[in-house]
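2 protein chains.
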Amino acid sequence: MSHLGYHVAIVGATGAVGQQMLKTLERLNFPVKTLLPLSSKRSAGKKVVFKGEELTVQEATPESFEGIQLALFSAGGSVSKALAPEAVKRGAVVVDNTSAYRMAGDVPLVVPEVNEEDLRDHNGIIANPNCSTIQMVAALQPIRQAFGLKRIIVSTYQAVSGAGAEAIDEMYVQSRQVLNNEQVNPEILPVGGDKKHYQIAFNAIPQIDKFQDNGFTFEEVKMIQETKKIMRDQTIQVAATCVRLPVESGHSESVYIEVEKEGVTVPQLREVLQAAPGITLQDDPAQQIYPMAIEAAGKDDVFVGRIRKDLDQEKGFHMWIVADNLLKGAALNSVQIAFSLQKLGLLENQS
Amino acid sequence: MSHLGYHVAIVGATGAVGQQMLKTLERLNFPVKTLLPLSSKRSAGKKVVFKGEELTVQEATPESFEGIQLALFSAGGSVSKALAPEAVKRGAVVVDNTSAYRMAGDVPLVVPEVNEEDLRDHNGIIANPNCSTIQMVAALQPIRQAFGLKRIIVSTYQAVSGAGAEAIDEMYVQSRQVLNNEQVNPEILPVGGDKKHYQIAFNAIPQIDKFQDNGFTFEEVKMIQETKKIMRDQTIQVAATCVRLPVESGHSESVYIEVEKEGVTVPQLREVLQAAPGITLQDDPAQQIYPMAIEAAGKDDVFVGRIRKDLDQEKGFHMWIVADNLLKGAALNSVQIAFSLQKLGLLENQS
Numbered sequence: 062m063s064h065l066g067y068h069v070a071i072v073g074a075t076g077a078v079g080q081q082m083l084k085t086l087e088r089l090n091f092p093v094k095t096l097l098p099l100s101s102k103r104s105a106g107k108k109v110v111f112k113g114e115e116l117t118v119q120e121a122t123p124e125s126f127e128g129i130q131l132a133l134f135s136a137g138g139s140v141s142k143a144l145a146p147e148a149v150k151r152g153a154v155v156v157d158n159t160s161a162y163r164m165a166g167d168v169p170l171v172v173p174e175v176n177e178e179d180l181r182d183h184n185g186i187i188a189n190p191n192c193s194t195i196q197m198v199a200a201l202q203p204i205r206q207a208f209g210l211k212r213i214i215v216s217t218y219q220a221v222s223g224a225g226a227e228a229i230d231e232m233y234v235q236s237r238q239v240l241n242n243e244q245v246n247p248e249i250l251p252v253g254g255d256k257k258h259y260q261i262a263f264n265a266i267p268q269i270d271k272f273q274d275n276g277f278t279f280e281e282v283k284m285i286q287e288t289k290k291i292m293r294d295q296t297i298q299v300a301a302t303c304v305r306l307p308v309e310s311g312h313s314e315s316v317y318i319e320v321e322k323e324g325v326t327v328p329q330l331r332e333v334l335q336a337a338p339g340i341t342l343q344d345d346p347a348q349q350i351y352p353m354a355i356e357a358a359g360k361d362d363v364f365v366g367r368i369r370k371d372l373d374q375e376k377g378f379h380m381w382i383v384a385d386n387l388l389k390g391a392a393l394n395s396v397q398i399a400f401s402l403q404k405l406g407l408l409e410n411q412s
Numbered sequence: 062m063s064h065l066g067y068h069v070a071i072v073g074a075t076g077a078v079g080q081q082m083l084k085t086l087e088r089l090n091f092p093v094k095t096l097l098p099l100s101s102k103r104s105a106g107k108k109v110v111f112k113g114e115e116l117t118v119q120e121a122t123p124e125s126f127e128g129i130q131l132a133l134f135s136a137g138g139s140v141s142k143a144l145a146p147e148a149v150k151r152g153a154v155v156v157d158n159t160s161a162y163r164m165a166g167d168v169p170l171v172v173p174e175v176n177e178e179d180l181r182d183h184n185g186i187i188a189n190p191n192c193s194t195i196q197m198v199a200a201l202q203p204i205r206q207a208f209g210l211k212r213i214i215v216s217t218y219q220a221v222s223g224a225g226a227e228a229i230d231e232m233y234v235q236s237r238q239v240l241n242n243e244q245v246n247p248e249i250l251p252v253g254g255d256k257k258h259y260q261i262a263f264n265a266i267p268q269i270d271k272f273q274d275n276g277f278t279f280e281e282v283k284m285i286q287e288t289k290k291i292m293r294d295q296t297i298q299v300a301a302t303c304v305r306l307p308v309e310s311g312h313s314e315s316v317y318i319e320v321e322k323e324g325v326t327v328p329q330l331r332e333v334l335q336a337a338p339g340i341t342l343q344d345d346p347a348q349q350i351y352p353m354a355i356e357a358a359g360k361d362d363v364f365v366g367r368i369r370k371d372l373d374q375e376k377g378f379h380m381w382i383v384a385d386n387l388l389k390g391a392a393l394n395s396v397q398i399a400f401s402l403q404k405l406g407l408l409e410n411q412s
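Each protein sequence line maps, in turn, to chains L and A. Under my numbering, the letters of the first sequence match residues 62 to 412, in that order. Under my numbering, the letters of the second sequence match residues 62 to 412, in that order.
The reader is advised that the hints may include incorrect statements.
[Claimed, not checked] The calculated lysine-lysine pairs, modelled on DSS-like cross-linking and capped at a C-alpha distance of 25 Å, are:
(1) L:K322 / A:K289
(2) L:K271 / A:K271
(3) L:K211 / A:K211
(4) A:K257 / L:K360
(5) L:K94 / L:K150
(6) A:K376 / A:K360
(7) A:K112 / A:K84
(8) L:K211 / A:K370
(9) A:K211 / L:K370
(10) L:K360 / L:K142
(11) A:K271 / L:K370
(12) A:K142 / A:K107
(13) L:K376 / A:K211
(14) A:K322 / L:K211
(15) A:K289 / A:K142
(16) A:K404 / A:K84
(17) A:K376 / L:K376
(18) A:K370 / L:K289
(19) L:K211 / L:K376
(20) A:K84 / A:K107
(21) L:K376 / A:K370
(22) A:K289 / L:K376
(23) A:K94 / A:K107
(24) A:K289 / A:K370
(25) A:K211 / L:K322
(26) L:K257 / A:K360
(27) A:K112 / A:K94
(28) A:K289 / L:K370
(29) A:K376 / L:K289
(30) L:K376 / A:K322
(31) A:K271 / A:K256
(32) L:K211 / A:K84
(33) L:K84 / L:K404
(34) L:K271 / L:K257
(35) L:K370 / A:K376
(36) L:K322 / L:K376
These are computed hints drawn from the structure, not numbers from a lab.
Model the full assembly from the supplied sequences, consistent with the hints where possible.
Following this line, the structure appears as structure tokens:
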């Protein structure tokens, strides 16, 4: 650990996102003085590694947060609901990667490239948006700033790691079973807590999270509501269809947009995206260059390609947006929020 | 073979679609007097089975079509270009499953549930639409008839069998290699004849067929142009993004539509689809009932679910359309065209 830095807790340190949080804090050299890995009772006692040191995971309790300055939560909504206020009470700033507080009026929902300034309004808790939302707004915000944005219709192609480490295992186990002509017994996907489970191997499942009364899934509702909140514009029309694929990591999105301004061209969109922070343009059809999940996995940026003008709508454009859902979609964005908090002077002094 | 029936040739009898054509002719009991399996020189000499009889595949030449009354082509566009006119010259009616003649002004492009009557205008060749187009127009035509149709935006989730038997093999070989931590060497997908090849196992590739100058792929252009031709309406706005997935058979489509009529409801859409020929409604979110590729594979119908109203556009609706791309998307539709030709008296008398 560093001589100067923050007392940091990771809640859900053994999960798919928690593991990436540890790696990302280390890789980006966030000033950590002490690191406290926390988890549910079930995972307590496991070991995690941070900067070469083996640390024992402890069960998260209200008292765990005594002396903690920054707590990154990614252990499910119920854990965040129970413990994030306890962490705040004890002086920590919480960056929560669950959906528990995202739509709360007094909680900033932040993608630093888009709305870093919203952090100034925080009351202890900052929400990290849904993975599929983050990569989309990161790519669309520079376009919106340059040309305005009226409408978004997105169809997603989402990786199983978004449903946790167990879903990754399930996909690989099922794949092997199909290849060996063995029986497949789905137990987790599409949604661990839902009634029915379906085979993900060599399939596409049009359900992520549970269904709402309006026929949309909660994942789709999240994309719609969070986009409007992050962009601070309730008038943007957003529609989403979210689909789970047999891909380990890397969410892809087929996105249709309508801009406000007239006469916008594909080269102008490319230029704006090329200059945008955290975006890599991969858009050369003649050379078959476009983003793909297996290429984006393990990388920090949001990749954009297949940009083309709609053939009927003068202000309509199509594009393909891909990012690592565990990195920019989760752990990296949380750590970037931590850096932004530090930059804006919103964390306690390092000790 | 039957005592009474037609002299039928299958061009491309050893391919993924050709094999399904043989099975479908047999299963639906199309009146076949003699069946002549044809192929390229490379596959000539192979055996195929039809109604329990083993038949030797012959190399397709102009003379092969002497005495043939019905020829189903599925051996690539160049074969159709060279030999379909030769078959017509010798008195055969050709049902062509390639893209060679689809947009020709004097060639009907037919999905029987949608535009069977167009068959009356044929001049020897009838084109079978692209797989991803067929299932979409089959599902949207009843909606269009009831409520009008202004606009379609579709993102596809397409199976590898659409790229042929070799692409299926490639997907399974690569999947095994990934599971065994072995090197993957893509050679076919996304497009056999294109410059670069990418891993399809555990990935999603946003390219099907080659890129056109406007940034759309040819598959996307096919969906756009063919939909307008089949629906006989050049004013329908159609946009498509076509994506290849690691799925063996069964294309899925996330479809957004805008209808003409005001006040249309989701129950009304369901009612119309439930009454439509060739459509199975699978739409009960509360019970997690929706179409999926692995369920649709091997079935004749087009499956529709996830129907919901757009949250902003009063005339906008979203849905999820799935069908077996080798059956309704290819072989079954070709055989259905043959039945329609017979029904309309457009085939020579059975002999």
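Going down the list of hints, with the structure as the test:
no.: 1; hint: L:K322 / A:K289; in the structure: violated, 29 Å
no.: 2; hint: L:K271 / A:K271; in the structure: violated, 38 Å
no.: 3; hint: L:K211 / A:K211; in the structure: holds, 19 Å
no.: 4; hint: A:K257 / L:K360; in the structure: holds, 22 Å
no.: 5; hint: L:K94 / L:K150; in the structure: holds, 21 Å
no.: 6; hint: A:K376 / A:K360; in the structure: violated, 31 Å
no.: 7; hint: A:K112 / A:K84; in the structure: holds, 8 Å
no.: 8; hint: L:K211 / A:K370; in the structure: holds, 19 Å
no.: 9; hint: A:K211 / L:K370; in the structure: holds, 19 Å
no.: 10; hint: L:K360 / L:K142; in the structure: violated, 31 Å
no.: 11; hint: A:K271 / L:K370; in the structure: holds, 18 Å
no.: 12; hint: A:K142 / A:K107; in the structure: holds, 24 Å
no.: 13; hint: L:K376 / A:K211; in the structure: holds, 17 Å
no.: 14; hint: A:K322 / L:K211; in the structure: holds, 23 Å
no.: 15; hint: A:K289 / A:K142; in the structure: holds, 23 Å
no.: 16; hint: A:K404 / A:K84; in the structure: holds, 21 Å
no.: 17; hint: A:K376 / L:K376; in the structure: holds, 20 Å
no.: 18; hint: A:K370 / L:K289; in the structure: holds, 19 Å
no.: 19; hint: L:K211 / L:K376; in the structure: holds, 9 Å
no.: 20; hint: A:K84 / A:K107; in the structure: holds, 17 Å
no.: 21; hint: L:K376 / A:K370; in the structure: holds, 23 Å
no.: 22; hint: A:K289 / L:K376; in the structure: holds, 21 Å
no.: 23; hint: A:K94 / A:K107; in the structure: holds, 21 Å
no.: 24; hint: A:K289 / A:K370; in the structure: holds, 24 Å
no.: 25; hint: A:K211 / L:K322; in the structure: holds, 23 Å
no.: 26; hint: L:K257 / A:K360; in the structure: holds, 22 Å
no.: 27; hint: A:K112 / A:K94; in the structure: holds, 11 Å
no.: 28; hint: A:K289 / L:K370; in the structure: holds, 19 Å
no.: 29; hint: A:K376 / L:K289; in the structure: holds, 21 Å
no.: 30; hint: L:K376 / A:K322; in the structure: holds, 24 Å
no.: 31; hint: A:K271 / A:K256; in the structure: holds, 10 Å
no.: 32; hint: L:K211 / A:K84; in the structure: violated, 50 Å
no.: 33; hint: L:K84 / L:K404; in the structure: holds, 21 Å
no.: 34; hint: L:K271 / L:K257; in the structure: holds, 11 Å
no.: 35; hint: L:K370 / A:K376; in the structure: holds, 23 Å
no.: 36; hint: L:K322 / L:K376; in the structure: holds, 7 Å
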